[in-house]
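With the hints as extra help, turn the sequences into a complete structure.
Note that the protein sequences, when read in sequence, are chains A and B.
To convert, count from 1 in the first sequence and add 31; that's our numbering.
To convert, count from 1 in the second sequence and add 61; that's our numbering.
Keep in mind that a hint or two might mislead.
[Stated by the list, open to error] Derived CB-CB ranges, DEER-like:
| no. | chain 1 | residue 1 | chain 2 | residue 2 | range |
| --- | --- | --- | --- | --- | --- |
| 1 | B | Val404 | A | Phe313 | 26 to 36 Å |
| 2 | A | Gly224 | B | Arg338 | 39 to 49 Å |
| 3 | B | Asp333 | A | Glu346 | 32 to 42 Å |
| 4 | B | Gln192 | A | Pro81 | 43 to 53 Å |
| 5 | B | Ser398 | A | Asp52 | 24 to 34 Å |
| 6 | A | Gly100 | B | Arg221 | 37 to 47 Å |
[To be verified] Straight-line Cα separation of at most 27 Å, DSS-like style, residue types lysine-lysine; simulated pairs:
| no. | chain 1 | residue 1 | chain 2 | residue 2 |
| --- | --- | --- | --- | --- |
| 7 | B | Lys119 | A | Lys338 |
| 8 | A | Lys209 | B | Lys250 |
| 9 | A | Lys358 | A | Lys326 |
No lab work stands behind these hints: they were computed from the structure.
Quick reminder that beta carbons are idealized off the backbone N, C-alpha and C, glycines included.
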Amino acid sequence: MPEISYLEAIRQALWQEMKRDERVFLLGEDIGRYGGAFGMTHGMLDEFGPERVRETPISEAAIVATAIGASLLGMRPVAELMFMDFVFLALDQIVNQAAKMHFMFGGRANVPIVIRMPGGSGAGAASQHSQSLESTLMHFPGLKVINPSTPYDAKGLMLAAIRDPNPVCFVEHKILYKTKGEVPEGDYTLPIGVAEIKRPGRDITVVANNIMVMKTLAVAERLAKDGIEVEVVDPRTLLPLDTETIIKSVARTGRLLVVHEACQTGGWAGEVIASVVGSPAFDYIDAPVRRLGGKDIPIPYNRGLEKFAIPQDFEIEEEIRAMVTGKR
Amino acid sequence: MSKDKKKGNDKDIGSREQFEEHVKRLKLSDDTLIGLYRTMCTVRHFEYMADKMYAAGKVHGTMHLSAGQEAVAAGISLAVHSDDYLINHHRGHGHFIAKGADINLMMAEFIGKDAGYNHGRGGSMHIADFQSNNLGANGIVGGGIPQAVGVGLALQMQKRKEICICIFGDGAANEGVFHEAMNMVALWKLPVLYICENNKYGMSMDVERATAKLPIAQRADAYGIPWACVDGNDVIEVYDAMKIAVDHVRSGTGPYFVEALTYRYFGHSKSDRNLYRPKEEIEDWKQNRDPIMRFTKHLLQSEIMDEGQAQEIDNQAEQVIVKAVEFAEASPEPDISTLLEYVYA
Ligand SMILES: Cc1ncc(C[n+]2csc(CCOP(=O)(O)OP(=O)(O)O)c2C)c(N)n1
Ligand SMILES: [Mg+2]
Chain A
32 MPEISYLEAI RQALWQEMKR DERVFLLGED IGRYGGAFGM THGMLDEFGP
82 ERVRETPISE AAIVATAIGA SLLGMRPVAE LMFMDFVFLA LDQIVNQAAK
132 MHFMFGGRAN VPIVIRMPGG SGAGAASQHS QSLESTLMHF PGLKVINPST
182 PYDAKGLMLA AIRDPNPVCF VEHKILYKTK GEVPEGDYTL PIGVAEIKRP
232 GRDITVVANN IMVMKTLAVA ERLAKDGIEV EVVDPRTLLP LDTETIIKSV
282 ARTGRLLVVH EACQTGGWAG EVIASVVGSP AFDYIDAPVR RLGGKDIPIP
332 YNRGLEKFAI PQDFEIEEEI RAMVTGKR
Chain B
62 MSKDKKKGND KDIGSREQFE EHVKRLKLSD DTLIGLYRTM CTVRHFEYMA
112 DKMYAAGKVH GTMHLSAGQE AVAAGISLAV HSDDYLINHH RGHGHFIAKG
162 ADINLMMAEF IGKDAGYNHG RGGSMHIADF QSNNLGANGI VGGGIPQAVG
212 VGLALQMQKR KEICICIFGD GAANEGVFHE AMNMVALWKL PVLYICENNK
262 YGMSMDVERA TAKLPIAQRA DAYGIPWACV DGNDVIEVYD AMKIAVDHVR
312 SGTGPYFVEA LTYRYFGHSK SDRNLYRPKE EIEDWKQNRD PIMRFTKHLL
362 QSEIMDEGQA QEIDNQAEQV IVKAVEFAEA SPEPDISTLL EYVYA
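Structure representation (structure tokens):
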């Protein structure tokens, strides 16, 4: 299988789906000649032309609303918000409109749109260009929220997202764009709402998303040398959330840690923990359930501060050791 | 009332007589003119130094440089009072410098140091100096435009003489809040001067591809706001328009809108290969329309300064920037123990 980057995997999905289905089109800022702020649509203008790679003025609310309107007539728009932080400018259209239309109109309207948005810190882009807002988006029934960690998941979930009849927020992580992994060249979809055990282990379940999956896997590798076996569960989709896979995992390991980059307070870890402690897995829990989220601060510009605003490898490692050994 | 000179494409700098007549009418002394030149040189050196530091790996984050647009910053700052309020956008170094910001503190912020204006929290895109009424740059395009309504409202409610200057780009004018703000500011006759710095592109998007009708300033008509559209690379023309606008706004009769046509030399931000504009276009603006070059020619031609002075002022401006870098580099990083500070007042 060819190794390609997370960014290329998503581009491949967009490209192939535009070839396969002429209803699919892209819209967003600087997605033409510039190829998108992160290069996602590089080469697509030449291939598909300006009508299907439609560059917009800087008007996020109208970008999403345009996607909604077009989808009502059977188009399959994929909108790009240059940075996830700008989702707030479009949130009325996403939440009050797209998410509720199918329901409000008694199941008669479909809004099959995908809204791509790169989130995350690590690029020195400061407080308004670095947020992880996936937890916020989980709060709105009618939306789906996808958050892949690997190139393989990214491609399969993007193809599934475009074909899904509902509005989907597709949350990418800008620091993952360059990470590589094996991705089949052909067409495949992954089911939305199904978690994956990225690494099996008997001692503790760590649930993590996007970049934290990578960090946790690296930590798990180190801990294995000391005889601590970490099970890493990647929900891949936050809404709907596959609590079943998580609950079964905790029932096996007896310990649960949730790690995410998003600010800890109000983060999706709370949702996972509530689901687990309220389930039959509660009887198997051997240690206090814990979460490790981003600090409750806006992302700072300064490199050192920015780094420590989100969970670091050593913090994840310390937390796991403490939970498994019972010693803090 | 509205005028559209559309001189942004005029390569001819105009005659000595025209220039002298213009500065006489505006009552600009030689010292003032030389001050404008110094300001523009300082901004230019700051931006080229910023680029150099980025290339040398000394800058962690993103930045938006305003080289090529110095006449707008200088022209505005001469027309306003130092205690007028400024709401800036992401490409804001020039406006801050021209308004008299401490360049050491700016440079320290630029490289994320604790001594910087924002204690290293904000970086290039968020520089603010509340002590001198610089209410900050913004990373959200258009984010400051409606806030200026509130600043104007407070000034009106507090019966104060200061005004609010709100600067944004051609791209920002396409955010919905632009229109909401224009309506409110006109409705309540607030003391706000909106300045659209049209540098021909919003990132890679040519203003002509992004805007249904030009000039952008004519949108003010829809709200009954007086407007002008000027050559933003002619510092005297910028000042002239800004002076009229500032006088209007300060008189309490309501807002004003000025669009300044200019051009940015560097890419949009750190990662930009300029694929969306021809090299010849960039070169043409640099060679034939550069605001500093044009103004220097006038000052020499009219014998307001000589070559030696021009060089000396430029060198001094460069030294200011070199010193600022020394200051910034010698300053400590924010301490990790302060990570959780400044979140709440
Ligand atoms: C709400 C929002 N949308 C998009 C961006 C990304 N972005 C930053 S600057 C910029 C272009 C702005 O163009 P303009 O207003 O003309 O200002 P200029 O950069 O040309 O000075 C874009 C698209 C952003 N920061 N905020
Ligand atoms: Mg612009």
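Status of each hint after checking the structure:
no.: 1; hint: B:Val404 with A:Phe313: 26 to 36 Å; verdict: holds, 34 Å
no.: 2; hint: A:Gly224 with B:Arg338: 39 to 49 Å; verdict: holds, 44 Å
no.: 3; hint: B:Asp333 with A:Glu346: 32 to 42 Å; verdict: holds, 35 Å
no.: 4; hint: B:Gln192 with A:Pro81: 43 to 53 Å; verdict: holds, 48 Å
no.: 5; hint: B:Ser398 with A:Asp52: 24 to 34 Å; verdict: violated, 54 Å
no.: 6; hint: A:Gly100 with B:Arg221: 37 to 47 Å; verdict: holds, 45 Å
no.: 7; hint: B:Lys119 with A:Lys338; verdict: holds, 17 Å
no.: 8; hint: A:Lys209 with B:Lys250; verdict: violated, 51 Å
no.: 9; hint: A:Lys358 with A:Lys326; verdict: holds, 23 Å
Violated hints for the displayed structure, listed by number in ascending order: 5 and 8.
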